[in-house]
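Participant: Listed below are the residues making up each chain.
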Amino acid sequence: MEAAAISASHVHDDHHHGPPPANRSSRVEPALLGMLLFIISEIMVFGAFFTAYFFIRVVADEGTWFPVDGKDLPKLIAGVNTAILISSSFTLHWAENALKLGNRRAFRAGMVATFLLGATFLFVQINEYVHIGFSPQDHAYGTVFYGLTGLHGAHVTIGLVLLGMVTIRAFRGHFSAEEHRGVEVPGIYWHFVDVMWIVVYTTVYIL
Amino acid sequence: MSVKLRNPGWYRAGLYVVLAAVLAFGLSWAVRAAYGHDTYAHFLDAESIVIIGMIALPLAFLVGIGCFDYWFYWASGRPTRPEDHSGHGAHSWRDYFRPNTDHKVIGIQYTVTSFFFLFVGGLMAMLMRAELAQPGRQFVDASTFNGLFSVHASVLIFLFIIPVFAGLANFVLPLMIGAPDMGSFASGWTAYAPLSTTAPDGQVFFTIGVQFAGASSIATALNFLVTIITMRAPGMSFFRMPLLAWANFSTSLLVVIATPFIAASQFFVLLDWALGFNFFNAAKGGDVLMYQHVFWFYSHPAVYIMMLPGFGIISEVLAVKARKPIFGYRMMAFSLLAIVVLGFTVWAHHMFVSGMQAWIRIPMMVTTAIIAVPTGIKIFSWLATLWRGVLHLDTPMLFALGFLTMFTLGGISGVMLAMVPLDIHVSDTYFIVAHIHYVLFGGSLFTIFAGVYYWFPKMTGRMYDERLGRIHFWSTLIFFNATFAPMHLIGVQGMPRRVADYADQFAGWNLAISLASFALGLSTLVFAYNMIASWRGGARASANPWRALTLEWQVSSPPPVFNFDQVPTVVGGPYEYGVPGAVHGIFGPAKPAEVKATPAGTHAEPVRE
Amino acid sequence: MVAFGVIASVIGIAIGLAIDWFPVQGSTQGEKIDTFWDVLIICSVPFFVLVVTVVLFAVRDFRMRPGQENLDGPPIHGNTKLEVVWTAVPAMLLVGLCTYAYIVLDDIEKAPAKGPERVVKVTGEQFTWTFEYNEGGKKFKTAQLYVPNGESVKFDVGSKDVIHDFWVPAWRMKIDAVPGITTTYRITPKRLGNYPVVCAELCGLGHAFMRQTAHVLDKAAFDRWVQQQVQRTAGGGAAAGGAAGGGGQSASADAKALFTTGNSAGATACGGCHTLAEAGTTGAVGPNLDQVLKGKDEAFIRESIVDPKAEIAKGFPDAMPTNYGDALSGPELDALVKYLAEVSK
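Keeping their order, the protein sequence lines are chains X, B and Y. When we follow my numbering, the leftmost residue of the first sequence carries the number 1, and every step to the right adds one. When we follow my numbering, the leftmost residue of the second sequence carries the number 1, and every step to the right adds one. When we follow my numbering, the leftmost residue of the third sequence carries the number 1, and every step to the right adds one.
Hints were generated in silico from the structure; no laboratory data involved. Fair warning: this is a prediction, and the values are worked out from it, not measured in the lab. Heads up, a few of these hints could be off.
[To be verified] Which residues of chain Y face chain B? A partial, calculated answer using Cβ under 8 angstroms: (1) F36; (2) L40; (3) V54; (4) V55; (5) G78; (6) T87; (7) P90; (8) R172; (9) I175; (10) G180; (11) I181; (12) T183; (13) L202; (14) H207; (15) A208.
All residues carry an ideal CB built from backbone N, CA and C; glycine is no exception.
All chains should be modelled from the sequences, with the hints used to inform the complete structure.
Facilitator: Right, here's the structure in full:
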């Protein structure tokens, strides 16, 4: 076919040392888009756990939600913990802004504060597990409680690893006012983890 | 040697697996010791070995072989070595057995590995049919039989249909949309070829296998989405994309949204089984039906994950082989999206007799029936595409036409199953077996065959043997129907599925089905021979043997290592057959005047009005 | 082409209606479902014929002929009117079918207009069904299902272990037996006879053999059967067993019959799962009794029947029903133990 004539002029060149630069057909950067789509996927993982929560608490409807066997959820401590985690989102945002304005000192301080706040949250959460007095093996409500908070805890851990790397790199002098994608992408993940916690806290502890 | 151990590849993968084994088992031993367990007695118990082994070792293998290097480099701020293309392209057949970074090589690795599993899954079906040829017990006992049909299904779904579509798309899609390679978002996608060699066996293997298969298919889907959204050639607007790109776009959306649910459902099973959680333990307040809801919320969209890429392939093949534009292109694209949306609203139609709340059955029945509308739009549009075309009835086209008719049957039995009163009687019978095979064999597999024959010249640079291809098609079509059509009847008559033995009244039909299924099995050997022999010694294929307009046919066969020297510019729709002077894409800067000088073809005079 | 399509549709529908699809129609629910099937056939065949006809005629009329290798078809991109038609017509048809399906569903599930309804509690376990009756305050359990003809009966279905599915193909209805919840359906039998009870949900190794029998009796025979069962449970097991078994036969013949077919009101057949040369059975779900019982005393055999979990033969699943202690009467159990001890020596 005549259209093939076009390709006839296209000669295979083995000495070519790389692909031609790809056309950028969207304003969104690939890494950012990938992270956003990945977060959709993550939301669905939580969705499945919330489905379990819904079925066991609402559909099966046996007995009342906590306190079970006299053991209640520590709403107040978890509430304080929630505040800690949310404030870490603000410090992270502050750090990013500082970086964009070129203030490296504030950027580093913000990253350290964010990391410490996140670590505190995780520590309090583990402490809660130790003292809460029931196990996931005891009853389905315990299973759901540990399932949801544990899933979220795993996400906090992953987020902390990412933030930790960003923090270390911040001290090594990486990133700049122009080159801050490496902070933004883990940052989006961290904000997602925070927002998810608000949902978990509301449904599991408060409602 | 130490360089080999430090650089990504098989050697480092081996080393990491050994390290991970030592570390994981050591850790589990230390934790048990810390909690005062009788560590020496339980150190080597099967459960801990299975679970730790299944989780830690594949991960270590993937890290070792270099799947996550890109991420580690990126996260630690070191240069991500985008310029290193030493692992790119295949120069001899041995290169297909190495980790590779070329989307085309990965596509072929994927496709070939998947076909290996087609034969594995097919052999299992043969064994089952041998057992079912007569009532009573002949070759395998009940436990083996249960294992056979479970593994038959999971192998063909997770290791054949889903990855083979991913493989074909991996090869074709970047070429089609004018991208030099798949998206650079995650290099993790090199992972799947070795991953798919971990065939799931047994419940735990299945559970953990699904986690890995799920994770890798999400990674693939993210890659497709990122590639399609951000790397299209200039001028390639969404409505100039070939429908295969649309189909993979829709499929990837489904994967990203639905797959987490099956991962979670298998995670629940694992927690219940290994750690004594109570997700499904009714005695402690768990909910058994919840598993089915979560499972089907993934697994029904999964049916469309196994169908939509096939729709894309058929659109490509039909337009080219009928020499006509796809009828109603926009409706074809929108109906794909409609199926994606509706696909999430129908899951409970698998649960009409499960004892769930009765009222849910009614909305699920309606949505399930309605999903036939966008599917119908596609069928009718394909029929209209054929009308007044110039039909080239070679092997890919024959399989496409076979798909049209067989899939229609599967769709019709699907609508019947959506109707609750009938479903109550036929669910869990051979009627279901017949339906899924008309959809997955007559539907998905026929499109896969069509696609493989269609792109074989592009992938290998050789032509397949047309005569053998036709023999393959006709034997497949005849014996496929002889095998699965009678299952409708014995299902309605009351033969339950998943049984190694059955009442004497079904003996005659089952013998006939078994004989037909053996012939069907033999017909795939024709295909295997054709593929291998043609790849080795077939006639050389020209760049564009089908006179197709889409971009992958505008480069040499097989395509150059980096696809294009220069990214093409898209100046028109992908299926403008019969439009004088129409071109889809041009290489080099756009020169409309020059383009007009190359007519794409002249009208056929209608043969008969 | 239109004529061809119409003729083919008519022939297709005729064949579809002529085929004897269903098993015997044993309930009033079955009538409605079978009619519904006929309507589905009438609606579906024309669609399939349409697709096949268009494909065949396109192949005949528009195939590439020699000399047309470089020709293209006319560039038709679509036709809005046509597209609206093939969206709207199937949609309306489907909505119609759904409405009809809803009416049928409502019809087959609604309670009978008058009178109290018999409730039979059905319990599934690996790999047997147990049926619990409450006849005028008298409660008893059986392993075979008996229902009177023409009276609506509601089944409350449950499970002791995994998910099963309670299905009598002749009655058309089925429902899963789910641990932890009670599921129900109702049927009105309309035909005397014996019909297989089938488990339709994969429940483990013995799934294919989880088969019992549903007996539909006329009202008088059913009442007599109820009387027998009431006596049997009240302690007259020997008398009832004798009456059912026919009295004069030898204990050994009785026990062999018990082994191969189960009892009329008690247990499932041993031979369904076990091989025993003397009885001519070849089941392989459980251990081969010729081998495992060799040299065992009667006490061991008795324990293995009444409490199968006490000792499980190596390599076999814990799959034997635990209801034999209830389901067999005293004399039946004695006879079975004696028989097994003798033939396995």
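Participant: Now look at each hint and say whether the structure bears it out.
Facilitator: Going down the list of hints, with the structure as the test:
{"no.": "1", "hint": "F36", "verdict": "5 angstroms, holds"}
{"no.": "2", "hint": "L40", "verdict": "5 angstroms, holds"}
{"no.": "3", "hint": "V54", "verdict": "5 angstroms, holds"}
{"no.": "4", "hint": "V55", "verdict": "5 angstroms, holds"}
{"no.": "5", "hint": "G78", "verdict": "4 angstroms, holds"}
{"no.": "6", "hint": "T87", "verdict": "6 angstroms, holds"}
{"no.": "7", "hint": "P90", "verdict": "5 angstroms, holds"}
{"no.": "8", "hint": "R172", "verdict": "4 angstroms, holds"}
{"no.": "9", "hint": "I175", "verdict": "5 angstroms, holds"}
{"no.": "10", "hint": "G180", "verdict": "3 angstroms, holds"}
{"no.": "11", "hint": "I181", "verdict": "6 angstroms, holds"}
{"no.": "12", "hint": "T183", "verdict": "4 angstroms, holds"}
{"no.": "13", "hint": "L202", "verdict": "5 angstroms, holds"}
{"no.": "14", "hint": "H207", "verdict": "7 angstroms, holds"}
{"no.": "15", "hint": "A208", "verdict": "4 angstroms, holds"}
Of the numbered hints stated above, none is contradicted by the structure.
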